[in-house]
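Can you build the whole structure from these sequences, using the hints too?
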Amino acid sequence: MKFYEKLIFEVSKSGRRACHLPELDVEALSLDDMIPKNYQRKEDAELPEVSEIDVVRHYTGISQKNYSIDGGFYPLGSCTMKYNPKVNEDAASNPGFKNLHPYQPEKTIQGALELMYELSDMLAEISGMDQVSLQPAAGAQGELTGLMLIKSYHENRNEHQRNKIIVPDSAHGTNPATAAVVGFEIVEISSDDKGNVDIEALRNAVGDDTAGLMLTNPSTLGLFEQNIGAIAEIVHDAGGLLYYDGANMNAIMGQCRPGDMGFDVMHYNLHKTFSTPHGGGGPGSGPVGVKDILVPFLPVPMISVDSDVYHLDYDKPLTIGKVKSFYGNFNILVRAYTYIKAMGYDGIKEASETAVLNANYLMHQMMEDYQIPEDMLCKHEFVAAGLKTAHEGVSTLDVAKRIIDYGYHPPTVYFPLIVHEALMIEPTETESMETLDDFAKVMKHIAHEAINEHDLLKNAPHRTPVRRIDEVRAARDLILKYKDSLKG
Amino acid sequence: MLESIGMKSMNDLFADIPEDFRLRRDLKLDLSMTEIEVDRLMKSLASKNMSTDDLTCFMGAGAYDHFIPTVVNHLAGRAEFFTAYTPYQPEISQGTLQSIFEYQSLICELTGMDVSNASVYDGAHAAAEAAMMTCAVKKRDKMLISMTVHPETRQVLKTYFKFRGIELIEVPMKDGETDYEKLKELTDKSIAGMLVQSPNFFGIIEDIARVSDLMKEHKALTVVSVDPISLAILEPPGKLGADIVIGEGQALGNDMALGGPYFGFMAVTNKLVRKIPGRICGQSVDEDGKRAFVLTLQAREQHIRRFKATSNICTNQGLMILKGAIYMNTLGKEGLKDVAMHSMQKAHYMQKILVEKGLAEPIFDKPYFKEFAVKFTKSVAEINEALLAEGILGGFDVNQVYPMPNTMLIAVTEKRTKSEMDNFANKLEVIV
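Heads up: the sequence lines are chains A and B, in that order. Each residue of the first sequence is one higher than the one before, starting from 49 at the first, in this note's numbering. Each residue of the second sequence is one higher than the one before, starting from 16 at the first, in this note's numbering.
There could be a bad hint or two in this list.
[As the list claims (entries may be wrong)] Some but not every residue of chain A turned toward chain B, in silico, with C-beta under 8 Å:
#, residue
1, Asn114
2, Gln152
3, Met391
4, Ser443
[Unchecked claim] Mimicking DSBU-like on lysine-lysine, the simulated pairs with C-alpha atoms at most 30 Å apart in a straight line are:
#, chain 1, residue 1, chain 2, residue 2
5, A, Lys339, B, Lys173
6, B, Lys63, A, Lys85
7, B, Lys197, A, Lys531
8, A, Lys85, B, Lys189
9, B, Lys290, A, Lys531
10, A, Lys85, B, Lys199
11, B, Lys63, A, Lys134
12, B, Lys352, A, Lys54
13, B, Lys177, A, Lys85
14, B, Lys197, A, Lys535
15, B, Lys286, A, Lys531
16, A, Lys339, B, Lys177
Calculated from the structure, these hints are not laboratory results. Think of the CB as a built atom: it goes at the ideal place given N, C-alpha and C, for glycine as much as any other residue.
Structure, rendered in structure tokens:
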């Protein structure tokens, strides 16, 4: 088979059309009849002119150049690439959910409001929080909302001097970036070699100006932060609040809850933990859960219920306002709701157990060839510091690219930043032992190649639609749209 | 599996969690369900809603009932797109990357701008990002926004800005458009820029050139929020002096879905390419010299800048812009013009019959696109209640957000037929 190579603009032929509208059935006013000349478009937008089969072949052709979960194992650490059950999609494509206008009267969307109300409750129960807002559009916006809540809480108590957010150096890049966008100063504290928060450093960092601490547990190294009790106490004693980055929730569902660990506010990544599709980078959905002390500040509207009738409740005088139009990424919420209902308390717990089992199983298989501490018990993912032995110059990037040749998606690489040559591996619960065994075999084989046939790694991937790409050139000679490429 | 790693029970896997924090009870959720049961549950919930399949929709105000050609969902639903993640490994993500590159090209065509990013969350979020970017570029902390910008967009901006110490100054409206005289009075060298929406919340086309001329005089930026469908026939802001063009992308092939997921598009002039937030896809070559696509200009992004970041956005709205691009390609050059023209012609027909039959008074005498405001003799809530009983989803009650009683904002897309509009008028005749 040959890969498809064209841009849609190169398929375009003048006069072709894929879609026609019915004859106009009202008076055919001209543009001049309706708007002044200076408002009218002078030159047409050069959109492609293609037939329906052109569009279908084009997108089918380019889709075949993508790796996907439905196509194979995708152990991309921190991203929880679990299988997305198809029944979620059936629910989301029901006209009773997808064809709702956001400003319809409440009485015509009772099913949708009930779903949102119940989903909030289920998410709160899973995490041990008191209330959940479904409004944020993605994990990063959930973080942003969470930090706005923390800021509002302190300001409402007239503690305006609390302007510092503490972030461990192992944190996701979004944590410090979000704190900066909300107008906080960031205090970065070091982690020990196991990726745990350095307790002494934390003690020294907190004070009257501490607004809060952002943490994910399990940590970005996939290890449970055992000092969480002490950490919560230090931060709370200093008057700060604890923010939980929900990126790693898949490790602990039904086992322990951020709310019980002392966290005051958190976001969920529905596209990770609750199996909504990643869609080549989005849409996400990042609900925010809070303890009672932060409930007054949640975005509006919240969903309320009054004798079985659901309402959009805007009556919250201390609210931070809105972070997004309307009520959140509703049709993603439908999928997450479907998933949690299908899984039940038994399935949710089992998902985390199997995710942790799969990660430990795979980690053990890789210990012989990759730098992984032997006594480690990981949670849903683990981080290897590259190969144990390799020919000079062979890097984690080369290992990743070689994995592609064997038909798998590579793990996350070079993150967390505190681990040299990091390979971050998250198999998820939806993979079978056979898949893990086969992947482990490939990893072992690559480790041997790295010693004996290192060129195979340096030149990988070999069997992909394109080979390694010149990223320097992409950033230097900017070609960001089709017309840029015509300038030569 | 457990034994092979030296463990006896699942419990051992969680031995590292301190006992104090172990949940020693079941979560209070239902028991798991089979597919038959889940399917039944979801259908029963959906049946408690009335969709725009059941109602004739004249509601707009930021979300529009445009036709979505069937190929859009067939193609965007392909698992290769649907179940992939962000294109971190470009060699096995060329499908996603090329679709982003083409999307960026299409957005630049429509808006008349040089550079588009790979999208942000929605239209309101695009406005917030654009306004924050404007203040960062100009190193000024005051932003003007017209009162004719969508109220939800203004609310989102207020939320974002109050935490950043940026002052948002609302420019009053006059006769349904920005009060240009007041705008002039409010503009000085301390202003970073102005955000104007066209067609604005009331459907009226604003004089963008007038705004951008004034901003240029004060070395400030012009941010324009647009309806992407309208740009098939309206002069694009890129030709009218805009520095940043943004908007809500839902109308381009995405379901209304009670407000999301949608996408916000964002395009800028070449001058601002290194300041635009979000992901950008660029064209390069691979080791064999073959054309290839890759995420580029990543030095702008949060995972590199960390605490120096001015935006924290990570992903784009991948699936939504895929739908948007497939929609634009399927309609094509002529098709999108047809959608825009029919929507506009039908909106004008609708206003004409309502006024001619004496059912409503037009409020503003300004050029408009597919939406218009009219005044009735009864409250909009009352009218909409009665219309709903007739299977009609009436327009937006403007009085909820502006002090304008009995005023309805009516949206008409190419999907509405003459008989649906006549029926609306006939039913209204009985109601009022």
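Checked hints:
no.	hint	in the structure
1	Asn114	holds, 4 Å
2	Gln152	holds, 6 Å
3	Met391	holds, 6 Å
4	Ser443	violated, 15 Å
5	Lys339(A) / Lys173(B)	holds, 25 Å
6	Lys63(B) / Lys85(A)	violated, 48 Å
7	Lys197(B) / Lys531(A)	violated, 40 Å
8	Lys85(A) / Lys189(B)	holds, 22 Å
9	Lys290(B) / Lys531(A)	holds, 21 Å
10	Lys85(A) / Lys199(B)	holds, 25 Å
11	Lys63(B) / Lys134(A)	holds, 23 Å
12	Lys352(B) / Lys54(A)	holds, 25 Å
13	Lys177(B) / Lys85(A)	violated, 40 Å
14	Lys197(B) / Lys535(A)	violated, 43 Å
15	Lys286(B) / Lys531(A)	holds, 17 Å
16	Lys339(A) / Lys177(B)	holds, 23 Å
Of the numbered hints stated above, those contradicted by the structure are hints 4, 6, 7, 13, 14, listed in ascending order.
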